[in-house]
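2 protein chains.
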Amino acid sequence: VFTADIIRNIGKPIQFSRILCSFSLDYDNIENQLFLEEERRMSYLGFRCLEISRWVVCGWIGFLTGLIACFIDIAVEELAGFKYQVVKENIEKFTEVGGLSISLLLWAVLNAAIVMVGAIIVAYFEPIAAGSGIPQIKCYLNGIKIPRVVRLKTLVVKVCGVICSVVGGLAVGKEGPMIHSGAVVAAGVSQGRSTSLKKDFKIFEYFRRDTEKRDFVSAGAAAGVSAAFGAPVGGVLFSLEEGASFWNQMLTWRIFFASMISTFTLNFFLSIYHKNTGDLSSPGLINFGRFEGDSVAYNLYEIPLFILMGAIGGLLGALFNILNYWLTIFRIRYVHRPCLQVMEAMLVAAVTATVSFTMIYFSNDCQPLGPEHAEEYPLQLFCADGEYNSMATAFFNTPERSVRSLFHNQAGTYNPLTLGLFTLTYFFLACWTYGLAVSAGVFIPSLLIGAAWGRLFGILLAYITPNSAAKWADPGKYALIGAAAQLGGIVRMTLSLTVIMVEATGNVTYGFPIMLVLMTAKIVGDYIVEGLYDIHIKLQSVPFLHWEAPATSHWLTAREVMSSPVTCLNRIEKVGTIVDTLSNTSTKHNGFPVVVQPAKLCGLILRSQLIVLLKHKVFVELARSRLTHRKLQLKDFRDAYPRFPPIQSIHVSQDERECMMDLTEFMNPTPYTVPQETSLPRVFKLFRALGLRHLVVVDDENRVVGLVTRKDLARYHLGKHGLEELQLAQT
Amino acid sequence: VFTADIIRNIGKPIQFSRILCSFSLDYDNIENQLFLEEERRMSYLGFRCLEISRWVVCGWIGFLTGLIACFIDIAVEELAGFKYQVVKENIEKFTEVGGLSISLLLWAVLNAAIVMVGAIIVAYFEPIAAGSGIPQIKCYLNGIKIPRVVRLKTLVVKVCGVICSVVGGLAVGKEGPMIHSGAVVAAGVSQGRSTSLKKDFKIFEYFRRDTEKRDFVSAGAAAGVSAAFGAPVGGVLFSLEEGASFWNQMLTWRIFFASMISTFTLNFFLSIYHKNTGDLSSPGLINFGRFEGDSVAYNLYEIPLFILMGAIGGLLGALFNILNYWLTIFRIRYVHRPCLQVMEAMLVAAVTATVSFTMIYFSNDCQPLGPEHAEEYPLQLFCADGEYNSMATAFFNTPERSVRSLFHNQAGTYNPLTLGLFTLTYFFLACWTYGLAVSAGVFIPSLLIGAAWGRLFGILLAYITPNSAAKWADPGKYALIGAAAQLGGIVRMTLSLTVIMVEATGNVTYGFPIMLVLMTAKIVGDYIVEGLYDIHIKLQSVPFLHWEAPATSHWLTAREVMSSPVTCLNRIEKVGTIVDTLSNTSTKHNGFPVVVQPAKLCGLILRSQLIVLLKHKVFVELARSRLTHRKLQLKDFRDAYPRFPPIQSIHVSQDERECMMDLTEFMNPTPYTVPQETSLPRVFKLFRALGLRHLVVVDDENRVVGLVTRKDLARYHLGKHGLEELQLAQT
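Residue numbers (full-length UniProt numbering), protein chains in the order written: chain L, 1 to 731; chain X, 1 to 731.
Derived by calculation from the structure, the hints in this document are not laboratory data. Positions of the beta carbon are idealized from the N, C-alpha and C atoms, including for glycine. Treat the hints with care, as some may be off.
What the hints assert, rightly or not - Stretches of chain L that chain X covers, calculated by requiring three or more beta carbons in the stretch to come under 8 angstroms of a beta carbon on chain X:
#, segment
1, 41-49
2, 73-81
3, 196-208
4, 251-262
5, 664-676
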């Protein structure tokens with residue numbers, strides 16, 4: 001409601017679509033004669049082999065995703081460890097002799113320098129690698145083609161970028177980008193070739209089409225979640241919740257397999273790294289630590305408290321999203337040059353270090369340093385010997401470790417003021433950070449903010465009810481609930497997030513409260529503003545299809561929704577006409593109904609197919625004259641997939657323009673159609689359930705009257721004043 | 001492969017379809033004028049209210065399902081406790097004075113009597129309540145209408161029946177029937193009325209159609225799983241894996257909500273029963289106990305062992321299924337009279353008691369009775385004082401408790417011979433029991449068999465590697481893996497079963513091994529014979545649609561698959577023609593394409609709609625003569641749903657036969673259509689993804705040439721010799 005208003009006010013589509021100009025993906029098989037012939041030739045054994053190679057591909061996806069996660073984890077741990085060690089020693093030195101401003105300077109410069117590297121590679125080499133990549137993967141699974149989103153170069157930049165961001169001390173996590181990384185791995189492995197490396201392994205050629213590729217990308221995203229949070233089931237659910245429109249049992253099992261292999265690989269290699277080879281019981285990238293024993297119990301009267309926390313999470317999440325929305329608008333308007341983006345990232349890094357330092361400096365929350373203290377880099381600063389600065393456990397640490405401390409440190413480790421101040425500053429830092437031109441996720445900062453105020457909530461609760469509280473108001477428990485509430489309030493996932501949290505904490509007992517909290521956060525948050533990912537998707541003004549048509553859209557029919565008139569081609573068409581149709585820049589259609597006179601629909605052909613046909617000069621006249629001319633095969637289409645050349649690059653001579661092309665063999669002879677009177681929800685359901693790209697609207701004589709595309713459906717939106725039409729980027 | 005052979009050999013459809021004569025459900029909305037008018041009249045607020053009432057209904061479904069689970073649990077615990085106490089005292093008495101055969105007699109008679117009650121209510125009052133109900137629910141969610149499967153009477157019989165079976169000492173579990181119970185609750189609550197109680201609450205009338213009802217039944221089944229295993233996520237996945245064809249985010253969240261409420265309700269009331277009010281941390285009906293601490297770790301070199309166990313589970317599961325298949329064929333042929341069914345059930349009960357007694361009697365595995373022994377009813381029998389008979393912990397107990405003992409008792413509690421004998425006897429008992437005319441599930445017996453041989457496996461492993469084994473060969477761990485393998489080998493679920501096992505054990509560490517084991521068991525088992533539920537579904541010869549068309553079916557097109565010629569109706573049709581069409585017993589079609597001359601498709605109307613129209617005499621002539629005649633509304637169709645009267649019950653006079661009926665307003669004006677050349681996989685995908693019941697095949701002039709129904713698609717099956725056509729029951 002809120003953003004729709006803003007978008008109306010702003011009036012024009014945002015220039016962000018400059019980067020993210022979008023096409024659609026075709027999740028419906030093109031069952032033309034070539035395809036059917038191939039399928040009919042294939043024996044049962046052939047299909048079994050295909051099925052087995054799908055499993056093999058998924059295994060590889062899981063394995064490589066796990067390896068990448070492992071690499072990121074070790075790199076971050078080593079580099080961040082080194083950085084904190086240097087800064088710690090420096091601080092210790094100057095605490096005694098005075099002149100801590102030099103330490104501050106060192107810290108700020110170190111951070112800014114590391115972040116600069118990360119920002120430069122993102123801003124200059126691959127802008128699509130910025131952020132967590134989750135909105136992009138959501139779009140991809142939804143059927144929107146975003147250029148370069150699943151390329152090897154993107155992966156390399158993403159991995160290096162995320163290491164720099166986390167080591168650079170930004171308020172970011174390394175988990176979100178894992179999802180994007182998994183998706184890139186999947187797209188690469190399943191196609192058996194790499195454009196960046198200019199290498200074609202000549203394997204898995206059967207998988208070179210959108211349908212199959214999407215299935216593998218789902219598996220990759222799931223493997224990414226699985227590696228990031230040690231949550232294989234959560235990964236599967238994430239893929240399903242965010243992407244799949246048609247649920248298929250075998251596909252789900254394969255996704256699950258990829259997820260499991262991914263967690264397994266990560267655990268195995270990390271167990272070697274931690275010199276504990278073969279012990280596979282540790283979780284994923286993020287380690288929340290186990291909640292075990294008596295502390296996990298909760299009681300009936302705590303349920304209202306959890307719901308209250310959910311509402312707070314929803315409100316804070318909405319605030320976060322609104323602030324980030326305004327910031328993003330500002331960035332799109334004024335910070336779109338790469339050098340400015342790098343400078344902004346460096347500024348944020350320096351400010352983060354400065355704020356952290358200031359907070360630590362002025363904090364007087366000293367805690368005794370226990371024998372089994374969990375802090376990696378306890379800062380003594382001005383505390384007495386044998387004590388450490390409590391604020392530093394939250395700020396002078398990688399965010400993952402801070403979350404773990406908040407979850408598991410004993411009651412009394414933090415005083416309320418520390419937590420309050422930390423929440424406040426970290427909230428704004430994280431909000432400022434998300435959307436920078438660095439590769440980074442928002443999961444961990446959200447969890448950290450939530451864990452801080454959740455723990456604060458628990459502590460206050462113990463103050464209010466001093467008699468009985470000691471037993472049940474375990475601050476770690478409230479930190480966990482707060483973390484769930486805050487994350488839910490920002491990203492608005494429910495089912496998959498519940499499972500991810502449950503798997504990451506290794507305990508199913510909190511399933512019910514976490515679900516309650518996430519539901520509440522979603523309801524409260526949705527009332528104010530959309531989820532963070534949806535906001536960013538909307539800002540890209542891509543034609544994103546939601547699950548169902550808006551509830552009040554039954555009065556719209558295909559007739560009103562469709563694009564009309566449609567450029568149709570004849571079954572046997574002049575080459576000149578085809579070239580002119582494709583070159584016509586005013587109608588950038590990607591699918592053309594094929595008709596026999598008078599206007600009867602007999603098929604559907606795609607722009608990409610026509611391009612391949614033109615490139616191979618599949619003209620009727622040539623076929624007649626040269627009998628030895630090789631027949632065009634499915635392989636030719638697969639080799640060209642997915643980067644079909646533009647029409648301008650194909651030279652057609654004047655003579656050839658007079659030739660004819662027979663589309664019969666190549667067109668899809670049985671495109672899905674709907675009558676003109678079909679209601680929008682019905683059109684939408686067909687479109688979404690089958691992952692269509694074009695839906696032909698016909699009259700009762702089977703004549704083509706219009707074409708429904710993704711853009712036609714995505715523009716209807718339920719706003720404050722009923723149904724609204726959105727303005728979308730030209731596709 | 002195996003069963004397809006058998007079915008071919010047997011040649012004729014089995015008479016089981018006598019009970020389970022099937023219709024299809026219509027999961028596609030009939031968007032006729034009446035419906036569209038209602039939808040268009042409805043405001044945004046109206047849709048919000050509907051949405052909220054869906055959540056309310058799901059809340060009630062969860063609550064009531066939880067209550068039923070609670071009732072079953074408490075009833076079984078109390079009654080079984082009483083029974084075992086009586087028998088135990090009797091045994092103790094006669095152990096001293098001799099004459100234990102009297103104890104055996106007491107035990108056998110008690111069991112047989114209790115089981116008799118359960119068998120009588122099932123066999124005489126509601127045969128559909130037999131078994132676990134999972135195959136029936138799978139069919140329902142798939143779109144097959146099985147009469148009386150979601151009626152209140154079925155629920156009552158099911159609940160009483162399952163209590164009798166478990167208390168009667170049969171080798172059964174109470175978990176499977178919970179899924180069926182949840183589904184019945186959902187169907188009842190969501191319709192706001194009960195036929196059995198003859199009460200219409202006049203609420204939720206909007207939900208009185210197949211689409212909405214199916215969604216709620218999914219939620220009910222999930223709530224059932226959730227209550228049975230304390231596995232809310234597992235429940236959601238079960239519903240999705242077995243049912244949903246179109247995944248919708250909001251629907252999934254509602255299902256999840258119902259599941260959560262169900263677990264919550266169960267836990268809450270059980271916490272009161274166990275005098276621990278408000279402690280909600282306990283799991284569902286089945287309590288596997290927590291796996292915690294160091295014992296949960298596993299190591300890399302154990303993975304091959306797990307895979308081996310999976311293979312064993314697959315083999316044993318396949319053996320189980322084959323034996324049960326032959327038994328079921330035998331039962332269908334010779335044991336179809338209710339009195340015979342009751343007698344068979346009593347026989348099984350008596351034999352189970354006798355075998356158990358014999359095993360205990362001849363066992364000499366005495367174990368010391370520790371101070372914190374977990375056994376509820378330790379039998380001393382011929383053991384020394386302070387010792388108990390180890391065989392009795394497995395046999396003289398409810399199966400749930402036996403499973404828990406096998407998982408958690410310390411190493412050395414069972415000797416290998418005890419476990420081996422137990423596995424052997426229990427395997428055959430469970431196999432004999434499944435398919436009896438009693439209400440009972442196969443989950444727990446499968447788990448118990450697997451846990452027994454799994455523990456045996458672990459013990460043998462410790463023998464083989466005596467040096468290092470003590471550390472890692474924890475027999476409880478192997479019992480768990482064995483249980484998963486055996487259950488997976490029998491029912492062949494993977495994703496949902498993994499999650500259920502993980503949630504039921506309250507520990508995510510075993511996720512990966514359990515998945516591996518289930519996958520292996522499925523692959524090995526599928527190579528030999530189908531899963532138990534699929535076998536039983538196939539024996540009912542219902543048109544069950546799998547996820548995809550057989551792989552090698554691309555050479556079939558809609559032309560070959562469709563039923564043709566089709567009875568079409570005119571848009572304005574003579575009443576006599578309609579009555580004759582409906583009365584024609586040779587073509588029992590349920591949907592009729594509506595055409596305008598010459599044969600152009602303009603809509604689709606269902607048998608049920610025509611019946612309502614005839615009943616209300618919606619004739620053109622009457623509408624003209626009586627201007628005050630009430631216009632037929634959607635409400636009239638909803639009131640008649642789902643038990644539309646047969647055509648024979650509707651009286652149409654000779655005069656009325658000459659009247660005309662205008663179908664325009666009532667037919668679905670935009671049925672989905674496909675051209676004749678569409679390949680079978682494409683037809684299948686459309687049919688399955690949208691949950692259709694009828695798909696009209698048209699030529700390129702939009703003239704009706706055929707109709708594809710569920711039966712047309714379900715008969716193709718991938719057999720040993722390529723594609724095969726199955727013989728299905730007449731629908």
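Status of the hints after comparison with the structure:
1. Coverage of the segment 41-49 of chain L by chain X holds. Counting CB-CB distances below 8 angstroms, 4 residues qualify, and the rule asks for three or more.
2. Taking a C-beta to C-beta cut-off of 8 angstroms, the segment 73-81 of chain L contributes 0 residues in contact with chain X, too few for the three needed, and the coverage statement is violated.
3. With a cut-off of 8 angstroms between beta carbons, the segment 196-208 of chain L has 0 residues touching chain X; three or more are needed, and the interface restraint is violated.
4. Only residues whose beta carbon comes within less than 8 angstroms of a beta carbon in chain X count, and the segment 251-262 of chain L has 5; three or more means the coverage holds.
5. Counting residues of the segment 664-676 of chain L whose beta carbon lies closer than 8 angstroms to any beta carbon of chain X gives 6, which reaches the threshold of three, so the coverage claim holds.
Taken one by one, the earlier hints fail for this structure at numbers 2 and 3, listed in ascending order.
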